[in-house]
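Participant: Listed here are the chains, written in short residue letters.
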Amino acid sequence: MPIDFLLERFAACGDADAIVWNDRAYSYRWLLNRIRHWRHHIAETGVPEHANVALVADFSPNAAALLLALAGHGCVVLPMTPAISESKQEEYLALGECTWRVRIGADDEAGLEALGGESRHELFGMLKASGHPGLVLFSSGSTGKSKGVVHDFEQLLENYRKPRAALRTIAFLLFDHIGGINTMLHTLASGGCLIVADDRSPDGVLDAIARHRAELLPTSPTFLNLVLLSDAIRRHDLSSLKVIAYATEPMPETTLARLRELLPGVRFHQNYGLSEVGILRSKSESSDSLWVQVGGEGYETRVVDGVLQIKAQSAMLGYLNAPSPFTEDGWFVTGDVVERKGDYFRFLGRQSELINVGGEKVYPAEVENVVRTLENVAEAVVYGEKNPILGNIVCARVTLVEPEDRAAFTARLKQHCAAVLKRHQVPVKVEITAGPQHTDRFKKVRIP
Amino acid sequence: MDRSAILNLIYAAIDEVNPTLPPDRRIDKSPETQLFGRGSRLDSLGLVNLVVATEARLAESGLAVALADERAMSQKQSPFRTVETLCDYIALTLQEGELG
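Just so you know, the sequences run in chain order L and A. Going by the working numbering, the first sequence opens with residue 1, and the numbers climb by one from there. Going by the working numbering, the second sequence opens with residue 1001, and the numbers climb by one from there.
So that you can see chain L by itself, here it is in the shape it has in the complex (with noise of 0.2 Å):
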């Protein structure tokens, strides 16, 4: 069974802490016993084998415990939180034809119901197939309509076989999330503890590290950034924390350096990972490096028209509502434009982000980071608008710390870019906004 290596190591573990949830620690010892109580209750309960299952939660023990049961039960199992909207909900379990739901409430009380219908799906049918369970993530790009990335759980879990480090780790990124689900097999398959922060503020999840003793932070570049401007890291003891684990966008340069100054005894690791090949082991150039080495068993990368390409043994099997990305010869077009020396890599943006200005090409990360450099900056998001002189122009909007007039502001901005930037990186239109520019999952938004 795929779950058999994970559940014999959940034993050795014994009383060790596996998850930390609502302030209370929950053992390996339980989780496991936990897991053993689904499987009977999922069988009883007449879930065929091989069903698509969503399984509606937050990280939360019970969550955790279900997950790997339904793994074990041979389902098809489709992770959603219970922060999206019922129309969402309703959207996702018709693309996943799921045939059962679970809920899981705020008491961590789990309730089992069949939703009727059946999966007929080709990718549904070669799990069938192989016998292997599923999982189902559904990619919510900050842009355009949400995939279904359908995976051969089985294969996904063998990335987790070889045991690491045991960290105390906090889990910040969703249940629902290929980095979500990376940090909880990642921490329980190497008998590390997985601590639920539910505030998910920074000063929730300092808190949350000082109180619980964490060791490991992965997270977003955004989140780190947020952090900084709240000020918070002087409120909290983070005298436990050895890593920050970031992905998922690019590091602006301004922020790690401020970091580093900040947390001198952390080491910064620079994860990546995408929802259709699972996360990839790297090793950042030097902790103050934006270079880094991607792969590790499984996988290999190389460049096409400077655009990044993996091949990876446990990418995904297709999308359910979209056409494949992988090429002919099975190499997945991640549409990361990178810039390579030698063995490293460094990640510019995405390709879809990029700004044409007259033929020119801009990425925003570029421009954001020396946007953000300038005094009484909070954050600042580059994109492109169309402009029919020049086809696009770059465009900023920023954040401001303290109230400052627009034109002035707009006029200081463009001469601090026109400094230090190439001409047509500068800023053609500049908006001073009071709104946030993330998401709520702490990415950055990049939309005019």
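The set of hints was computed from the structure by calculation and includes no laboratory data. None of the hints are false.
With the Cβ distance kept under 10 Å, some of the chain L side facing chain A (calculated, not the full set):
1) V357
2) G358
3) N387
4) P388
5) I389
6) L390
7) C395
8) R406
9) A407
10) K414
11) C417
12) H424
Restricting the straight-line Cα-Cα distance to at most 16 Å, the calculated cross-link-like pairs of lysine to aspartate or glutamate (EDC-like) are:
13) L:K311 <-> L:D329
14) L:K311 <-> L:E328
15) L:K386 <-> L:E360
16) L:K386 <-> A:E1070
17) L:K429 <-> A:E1055
18) A:K1029 <-> A:E1084
19) L:K429 <-> A:E1060
20) L:K386 <-> A:D1069
21) L:K147 <-> L:E91
22) L:K147 <-> L:E90
23) L:K422 <-> A:D1043
Ideal placement from N, C-alpha and C gives every residue a C-beta, glycine not left out.
With chain L's structure known, arrange chain A on it following the hints.
Facilitator: What follows is chain A alone, placed relative to chain L:
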């Protein structure tokens, strides 16, 4: 908004844009100043910056006007020849807005 107000608004936009331009591309605040075309100092990037800066100032006066759009591009004579023709084009666009 009368012509002299529009002219002042364009001058303010010139003040904003000039410091970001190489010295040999900076332009004078005068109705005769050539903006774009033969013998002008601005290149396309300079022109776009000036037009967007002008639009932003109009917007601050409560006037949402798109100056660089298909309509401007399809005028028989480009509105971006001189400061004066730009001023005329803005006045015309505002007037049409009032009538429409």
